[in-house]
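In the order they appear, the protein sequences are chains A and B.
Quick note on the numbering used here: the first sequence kicks off at 5 and runs consecutively.
Quick note on the numbering used here: the second sequence kicks off at 1361 and runs consecutively.
Treat the hints as calculated values from the structure; they're not laboratory data.
Be a bit skeptical, because a hint or two may be false.
What the hints assert, rightly or not - Only pairs whose alpha carbons sit at most 27 Å apart, straight line, appear in this in silico BS3-like list of lysine-lysine:
| hint | chain 1 | residue 1 | chain 2 | residue 2 |
| --- | --- | --- | --- | --- |
| 1 | A | K112 | B | K1382 |
| 2 | A | K351 | A | K245 |
| 3 | A | K228 | B | K1450 |
Stated by the list, open to error - Partner residues aside, some chain B positions facing chain A, computed with beta carbon under 8 Å:
| hint | residue |
| --- | --- |
| 4 | P1364 |
| 5 | D1384 |
| 6 | T1386 |
| 7 | R1387 |
| 8 | T1449 |
| 9 | R1451 |
Claimed, not checked - Now the stretches of chain A that chain B is said to cover, found in silico as 3 or more residues with beta-carbon under 8 Å:
| hint | segment |
| --- | --- |
| 10 | 56 to 70 |
| 11 | 91 to 99 |
| 12 | 152 to 160 |
| 13 | 232 to 239 |
Positions of the beta carbon are idealized from the N, C-alpha and C atoms, including for glycine.
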Amino acid sequence: MNAPVVPPKPAVAAPVGLLAELTHRCPLGCPYCSNPLEMDARADELDTETWLRVFSEAAAAGVLHAHLSGGEPAARHDLLEIVAHCYKVGLYTNLITSGIGLTPEKVKALADAGLDHVQLSIQDAEAKSADKIAGYEGAYAKKQIVAKAVTDNNLPLTVNAVIHRANVTRAGRMVELAVELGARRVEIAHAQYYGWGLVNRAALMPTRAQAEIAIAEVEALKGKYAGTIVIDHVIPDYHAKHPKACMGGWAKRTMNITPKGMALPCHASETIPNLEHWSVRDHSLMDIWSASPAFNAFRGTDWMKEPCRSCERKLIDYGGCRCQALALTGDATEADPVCHLSPHHDKIAAVTEMFADDNAPIPDYVYRRLKATAPVE
Amino acid sequence: MSGPVQLEDQSKPHLPRGVRLKLDETRNEWMLLAPERVVKTDAIAVEILKRCDGVATLSEIVDDLAATFKADRAIIDRDVRAMLTELATKRMVDL
Ligand code: SF4
Ligand code: SF4
Chain A
5 MNAPVVPPKP AVAAPVGLLA ELTHRCPLGC PYCSNPLEMD ARADELDTET WLRVFSEAAA
65 AGVLHAHLSG GEPAARHDLL EIVAHCYKVG LYTNLITSGI GLTPEKVKAL ADAGLDHVQL
125 SIQDAEAKSA DKIAGYEGAY AKKQIVAKAV TDNNLPLTVN AVIHRANVTR AGRMVELAVE
185 LGARRVEIAH AQYYGWGLVN RAALMPTRAQ AEIAIAEVEA LKGKYAGTIV IDHVIPDYHA
245 KHPKACMGGW AKRTMNITPK GMALPCHASE TIPNLEHWSV RDHSLMDIWS ASPAFNAFRG
305 TDWMKEPCRS CERKLIDYGG CRCQALALTG DATEADPVCH LSPHHDKIAA VTEMFADDNA
365 PIPDYVYRRL KATAPVE
Chain B
1361 MSGPVQLEDQ SKPHLPRGVR LKLDETRNEW MLLAPERVVK TDAIAVEILK RCDGVATLSE
1421 IVDDLAATFK ADRAIIDRDV RAMLTELATK RMVDL
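Build out the structure end to end from the sequences listed, making use of the hints.
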């Protein structure tokens, strides 16, 4: 393990997935949206032709899964054309949608064009609360119709649910709702606190006890529903001793393209200062993947310092999340402070102290809006 | 459809829509693609999955594999069941 042999730098392995944020426009306003606070305007979005080129290049580069996301991808008038193109070039195509803007006719057309899978977000298992979280009256009812259209067309359905204070007592119920809707997979993800989630943290963070009950409830359902629904459960970091591998390793498996065409190794990587990102308008996808400074900044392990550098887990978790390291330590090359070996591990304890500790009313949300004058905290 | 997976001799396993086998030319491997999953698939698994067409029964698939590869039927039967049960539990194969 400690022989001082420097192996030759391996060629960069091909990307497996591409997340295309086709637009930041979205009729909903979820207060934990993972889009940046400063969103791309419609006028700056890539045109159809450029997106089609990106997907062709992705397929040629070895990408297997294309994730069509947003904002709301159905807000793009060329969604059908994009799906048909992804099918033609052999990509497995996944639509990540709020369902708003889709009709049963549109779902059928997408299925006929070769769409492989639909991921539908549902904000809560209770209509009134769901609509309030989404900031859109009638959203819950519309989603039921879309879910039915998806399964009627024999497309596999995943229900995505983000768990936070307003729905934390119904985490298990969300799994049951997904089963009732005929989903084959459900993603139960506890809210993460950066971007809009950070702006709204006081309204979103459950009490620690609530979070723990919800986690246990969902874990218990895994056995019950084995063979009926796949439960992917994303639990908060602070429960772990070691961090998760961010994106399966920085620039190792996937890349994100923003609506205006910036290629990112992670959706939040633009928050890291002095990281040079390239645009698909100026470079081919393969060129970006192998040579863009942002992708190479934290690829592999050369950038690491202690404790990661000499840690036996460095090829397992790759030092965790760069954005979290930056946010909590001020230095993106630090170990993710979630790690118990990090000298900054106490900062995670500080975060968990921000848990709500009583049943005080939930503060109002700052809804995610495209034209939002970025909320000042 | 609820409860643990029950694989019978008469089951007719097949890949549901949204799960497909693809020859990945970049990596020169067969991949089973499913929602948010990519599973590298070895030559034996590919032979099994190619026969899961929703028409052939499990016992027919096992007979065919045993004949094609001149192998012990009991061993093939065990391997095929193990693989398909696992994939069905993950909803990557329907019965
Ligand atoms: S020291 Fe670094 S590589 Fe090791 S477990 Fe912690 S974060 Fe991961
Ligand atoms: S670096 Fe952090 S914020 Fe960025 S994608 Fe990874 S886990 Fe998320």
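Now the hints, each set against the structure:
For the hint linking A:K112 to B:K1382, the alpha-carbon distance of about 24 Å falls within 27 Å, and the restraint holds. Under the criterion of a C-alpha separation no larger than 27 Å, the hint pairing A:K351 with A:K245 is consistent with the structure, at around 14 Å. Note on A:K228 and B:K1450: the hinted pairing holds, with a Cα-Cα distance of about 13 Å set against a maximum of 27 Å. For B:P1364, the suggested interface contact is upheld, since its CB lies about 6 Å from the closest CB of chain A, less than 8 Å.
Contact between B:D1384 and chain A, as hinted, is supported at the beta carbon level, the nearest pair being about 7 Å apart and thus within 8 Å. With a least beta-carbon distance of about 3 Å to chain A, the hint placing B:T1386 at the interface is held under the 8 Å criterion. A cut of 8 Å between beta carbons decides the hint on B:R1387: the least distance to chain A is about 7 Å, and the hint holds. For B:T1449, the suggested interface contact is upheld, since its CB lies about 5 Å from the closest CB of chain A, less than 8 Å.
Checking B:R1451 against chain A: minimum C-beta separation of about 5 Å stays under 8 Å; hint holds. With 4 residues having a Cβ less than 8 Å from any Cβ of chain B, the segment 56 to 70 of chain A passes the three-residue criterion, so the hint holds. Three residues within the 8 Å Cβ limit are the bar, and the segment 91 to 99 of chain A against chain B gives 3, so the coverage statement holds. Coverage of the segment 152 to 160 of chain A by chain B holds [criterion: at least 3 residues with CB-CB distance below 8 Å; count 3].
Against chain B, the segment 232 to 239 of chain A contributes 4 residues with a C-beta closer than 8 Å to a partner C-beta. That satisfies the three-residue criterion, and the hint holds.
Every hint, counting from the list given before, is met by this structure.
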